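Colleague: Letter by letter, the chains look like this.
There are 4 protein chains.
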Amino acid sequence: MHGIEIATIGLSVEWRTTDEEFVNGLERLVLDAKAASTLGCRTCTTYILPSTDQDAAPFMAKATTRLRTCAQILASYGIRLGLEFVGPHHLRTTWKNPFIWNLQQTLEFIDAINERNVGLLVDAYHCYTNEISHEELGRLTADQIVHVHINDAKNIPVKDLLDNDRLYLGEGVIDLIGFLQTLQKIGYTGAVSQEVLTIEPPKEDTESLIKKSAENYAKLFHAAGIN
Amino acid sequence: MHGIEIATIGLSVEWRTTDEEFVNGLERLVLDAKAASTLGCRTCTTYILPSTDQDAAPFMAKATTRLRTCAQILASYGIRLGLEFVGPHHLRTTWKNPFIWNLQQTLEFIDAINERNVGLLVDAYHCYTNEISHEELGRLTADQIVHVHINDAKNIPVKDLLDNDRLYLGEGVIDLIGFLQTLQKIGYTGAVSQEVLTIEPPKEDTESLIKKSAENYAKLFHAAGIN
Amino acid sequence: MHGIEIATIGLSVEWRTTDEEFVNGLERLVLDAKAASTLGCRTCTTYILPSTDQDAAPFMAKATTRLRTCAQILASYGIRLGLEFVGPHHLRTTWKNPFIWNLQQTLEFIDAINERNVGLLVDAYHCYTNEISHEELGRLTADQIVHVHINDAKNIPVKDLLDNDRLYLGEGVIDLIGFLQTLQKIGYTGAVSQEVLTIEPPKEDTESLIKKSAENYAKLFHAAGIN
Amino acid sequence: MHGIEIATIGLSVEWRTTDEEFVNGLERLVLDAKAASTLGCRTCTTYILPSTDQDAAPFMAKATTRLRTCAQILASYGIRLGLEFVGPHHLRTTWKNPFIWNLQQTLEFIDAINERNVGLLVDAYHCYTNEISHEELGRLTADQIVHVHINDAKNIPVKDLLDNDRLYLGEGVIDLIGFLQTLQKIGYTGAVSQEVLTIEPPKEDTESLIKKSAENYAKLFHAAGIN
Chain A
1 MHGIEIATIG
11 LSVEWRTTDE
21 EFVNGLERLV
31 LDAKAASTLG
41 CRTCTTYILP
51 STDQDAAPFM
61 AKATTRLRTC
71 AQILASYGIR
81 LGLEFVGPHH
91 LRTTWKNPFI
101 WNLQQTLEFI
111 DAINERNVGL
121 LVDAYHCYTN
131 EISHEELGRL
141 TADQIVHVHI
151 NDAKNIPVKD
161 LLDNDRLYLG
171 EGVIDLIGFL
181 QTLQKIGYTG
191 AVSQEVLTIE
201 PPKEDTESLI
211 KKSAENYAKL
221 FHAAGIN
Chain P
1 MHGIEIATIG
11 LSVEWRTTDE
21 EFVNGLERLV
31 LDAKAASTLG
41 CRTCTTYILP
51 STDQDAAPFM
61 AKATTRLRTC
71 AQILASYGIR
81 LGLEFVGPHH
91 LRTTWKNPFI
101 WNLQQTLEFI
111 DAINERNVGL
121 LVDAYHCYTN
131 EISHEELGRL
141 TADQIVHVHI
151 NDAKNIPVKD
161 LLDNDRLYLG
171 EGVIDLIGFL
181 QTLQKIGYTG
191 AVSQEVLTIE
201 PPKEDTESLI
211 KKSAENYAKL
221 FHAAGIN
Chain H
1 MHGIEIATIG
11 LSVEWRTTDE
21 EFVNGLERLV
31 LDAKAASTLG
41 CRTCTTYILP
51 STDQDAAPFM
61 AKATTRLRTC
71 AQILASYGIR
81 LGLEFVGPHH
91 LRTTWKNPFI
101 WNLQQTLEFI
111 DAINERNVGL
121 LVDAYHCYTN
131 EISHEELGRL
141 TADQIVHVHI
151 NDAKNIPVKD
161 LLDNDRLYLG
171 EGVIDLIGFL
181 QTLQKIGYTG
191 AVSQEVLTIE
201 PPKEDTESLI
211 KKSAENYAKL
221 FHAAGIN
Chain E
1 MHGIEIATIG
11 LSVEWRTTDE
21 EFVNGLERLV
31 LDAKAASTLG
41 CRTCTTYILP
51 STDQDAAPFM
61 AKATTRLRTC
71 AQILASYGIR
81 LGLEFVGPHH
91 LRTTWKNPFI
101 WNLQQTLEFI
111 DAINERNVGL
121 LVDAYHCYTN
131 EISHEELGRL
141 TADQIVHVHI
151 NDAKNIPVKD
161 LLDNDRLYLG
171 EGVIDLIGFL
181 QTLQKIGYTG
191 AVSQEVLTIE
201 PPKEDTESLI
211 KKSAENYAKL
221 FHAAGIN
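Protein chains in written order, with full-length UniProt numbering: chain A, 1 to 227; chain P, 1 to 227; chain H, 1 to 227; chain E, 1 to 227.
Simulated from the structure, these hints should not be mistaken for laboratory data.
Since we're looking at a predicted model, the values are computed, not measured.
Copies of the same chain are indistinguishable here, so a pair counts whether it falls within one copy or spans any two.
Here are the simulated DSS-like cross-link-like pairs (lysine-lysine), alpha carbons at most 30 Å apart as the crow flies:
1) Lys96 / Lys159
2) Lys212 / Lys154
3) Lys185 / Lys154
4) Lys154 / Lys96
5) Lys219 / Lys185
6) Lys159 / Lys219
7) Lys154 / Lys219
8) Lys212 / Lys185
9) Lys219 / Lys203
In isolation and in its complexed conformation, chain A is listed as follows (with noise of 0.2 Å):
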C-alpha cells in the first residue's frame, strides 16, 4: 500500500549460548517465520561474532549444528538464511578466544551448515574493515548473497574503526558505489538496507534522520548508476 517491504527478519533463535536456550528459542522461530512468511518477507539474518568466551572449535561444531536447524525449519516457509561476518577488528579480541570474521571463513561456515537455503549478509563496513576488494566481493554469484547492508565509516586507519561509530551513506570514505556497482553486476537483486550504528543516539529527529537516508540513497543509487 506505502511501497514499503519488508526485507528481512532477524533469527530470534540464541544460537550462541546453551542447549536449553537454544531450543526454547525454536517455537518462536516457527512463528517468526510464519508471520515473515505471511508478509512477504524470504529472507532471515544473524551475525557472527567476531571472537568468544567458548573453546572456538566445539562452538563451531554446535553453531554448525544449530544453524543448519534453523535453516531447514525457514526453508519449509521459503526463506532462505543470511550469515553476517562481522569486520572491525576490536571485536576480535574483545572474546577470549578468535572465532571468524571474514568472507573466505564464512563461506567455509557455510558449507559446513551445508543447507541449500544458507548464504550470506553482505555488510559493507565489514567488507571495509576486512579490506576485500571488489574483485574479490565480485567473484561471488548472486546466489550467495541473501542480504545487504549498507552504511560508511570514518576516515581513520581500518584497524580503529569500531562497530558502533558508523556513518550514515556518503558520509565517510566507503567506495559504495563501487561496492554497489559490484554488487549488480554479479546479479543481485534484493535488498540493501541501511544499518548504521552510533555510540551516541542520533541527536535529529526521526523525520530528519529518514529525509537524509532517502537522499543519500538516491545520490548514491544515481550515482551508481542504478536505478
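Given the coordinates of chain A, assemble chains P, H and E onto it according to the supplied hints.
Modeller: What follows is chains P, H and E alone, placed relative to chain A:
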C-alpha cells in the same frame, strides 16, 4: 510414581499432503517435542502407508525433505524419529499408486532422509505380513530400531490379513517369542508397545483389557526368557 | 588457445541400477572430476528418465542417496551437478512406472538430495514438451540452473514429439528467442549447449553441421539481443 | 582361513591440511573403501589431534565438510567412519590453538558432520587421560562406537602421560576390566584392537610380542567375564 513411562509420541505433523498443511504442523511439532522431552520421552513415531493417491516418486521426494525437517527439530530435543512400515497386503492397492511397505525399502527411505536420529518402528504384525524372517530381523542393529509394536495375527492366509483386524498377544499365530528373542539378541532395550487394532470396538471393559494385556505380556516375556 | 571451453561433463556413474554398479562407478567419478576441474570445467550433468521398470518410490529414495554422494564428491572439486528433466510424452510410459519429468518435480528431487551444488539442466526441448511458460521459467533464479541445452522441435502436436527427433536451432517451432531472453533476464551466464538428437545419423558432413550450428547460434543470439 | 579378520582401515585422506591435498586423497579413499569392503572390513578410522596450528574455528568448519564427504563415500561401501578423540594433555598445547580432545566435543563434531555412518573410536588410553568414568562411557549406545582401542597407562599423574608412551594390557593402571565390561553392558560387539605406542622400538621380537599380547588379551577378557 506409578512406574509408568511414556514410550513414544506420534508425529503430529501432516507430512503426507500439501506444503501448507506440513508447515502448519511445525509449531505443534515443536510444542510436542518440548513436552515429550520434559516428560522423559525420547522417541516419536509415524507410519508409512503402502500406497498413495499421489504420484509415487514425487511423493517420495517430498516425504524425504519433510521428514528430514521433522527429524532435525526432534533432534534438538534429543528425540529420535521411528518410521513404521505397514505390511498388510490390502493396503498396497487401497490407493492408486504403490509406495513402500517393507523393511528394505524403509531402510532406503531412511538413507535418503539422511539424519542421524531416524530409525525404524518395528511392528510384529507388519513383519509377519511382510514375511520377514527372524534371521532378516536379526541382521538389524539395535540402534536402527527406535520403537517396537507387538500384537498378533489371525490364522488365515498372510495375504488376507487386514490391518485393522489384529489380535492380542498370544491369541494368534505370530511367533512372538522368536520375535522378542531376536530383538533381545541384537541388543534392543527400548519399549515394546502393544498395538491391537480391531474392526469393532472391544466388548470387554478397559479394566479387563488392561488385565488381559498385562497377563499376556508377562506370559510372553517369561516364555521368551526375558525378564 | 582456440577459444574453446569445456562446458560440462556427463555423470559417468550408473545411479539408476544396482548398488554394485553404482559403487563401481565412484572411482571413475573421482578421476572425471579431477580431470574436469583441471581443465576448468565446473559442471557435471545427468538426465532423469521419465519412467522406470523399478518401483518408483524406492527408486526415488535410492536415487536421492546416490546422487547426494555424487554431488558431495563433485563439490570437493568445485563442480556443480545439473539434473535434466526429460519432457517427451512417449518416455513417460516407455518403462513400467512413471518417475518424474517436469520442472517442479525436479526441484523437489533436488530438495530431497539436499546438497548445495545441485541444480537444473534446463533443456529447451524438455521445457517445450512440458509446456513450461517463459513466466514459469522466469521464476527460477540463475543459481538454480547449472547448464542449458538448446535445440528445436518439429511442428507436430507436443504429445507426439519424440525425444530423439529434434531439430537444429531455428528450424522448428520453439520460441528460442523468448527462452534465451528469459534465461538472460534472470541472470544466467553459463553455457548454452546445442543438443540435437536425430533418428537417422545426419547426412551432412561434420564441417557443414558445425557451420550451420554456428550460423544458427549467431542468428538466434542476435535476434534475442544477446551478444 | 586363519581366523583373522580385518577390523578397520585407517582413513588415508589428508583432511587436516589444504583443499588440494584433501581432494588428491579421494581417489585412494575410493580404492581403499573398495578393497576393505571386498575383504569384509566395515570400519574406517581417523584420529583428531587436540591442537592445531590453524585457526581453530575455520579448521573445524573445513574438517566438518571434508569428513562428511569421506563418510558419504565410505557409506556407499557399507563402511562406517570412527573418529578418535586423543586425550594426552601435552598434545593440547603441542600446536598453537586448542582443537578438541574429549568425548562430548567429539559427539558434537559428529553431530556437525551429520552423516549416519559416523561414530566414535573409543581408546582406553584417551578415556583414561580424559578421566572419563565408566558411568559416562556407559551412557553411550553401542551404535555410537565404531571401533575400540585398548592399551594401558603408566602409574604417573594423568596430566604427565605421553601419547607415545603406552603399556601393554595389564601392565599399567587403567581399569581395563571395567572398561570392557562397560562396553559389553551397552552392547558393543565390534573389534577391540590393541594399540600400544612406545618411545623406543620394542626390544622383544615380534613373536614374543604377539604371544604376550595374546596372553594379556586372554587374561583380561577372562577377568572381565567376556568370552
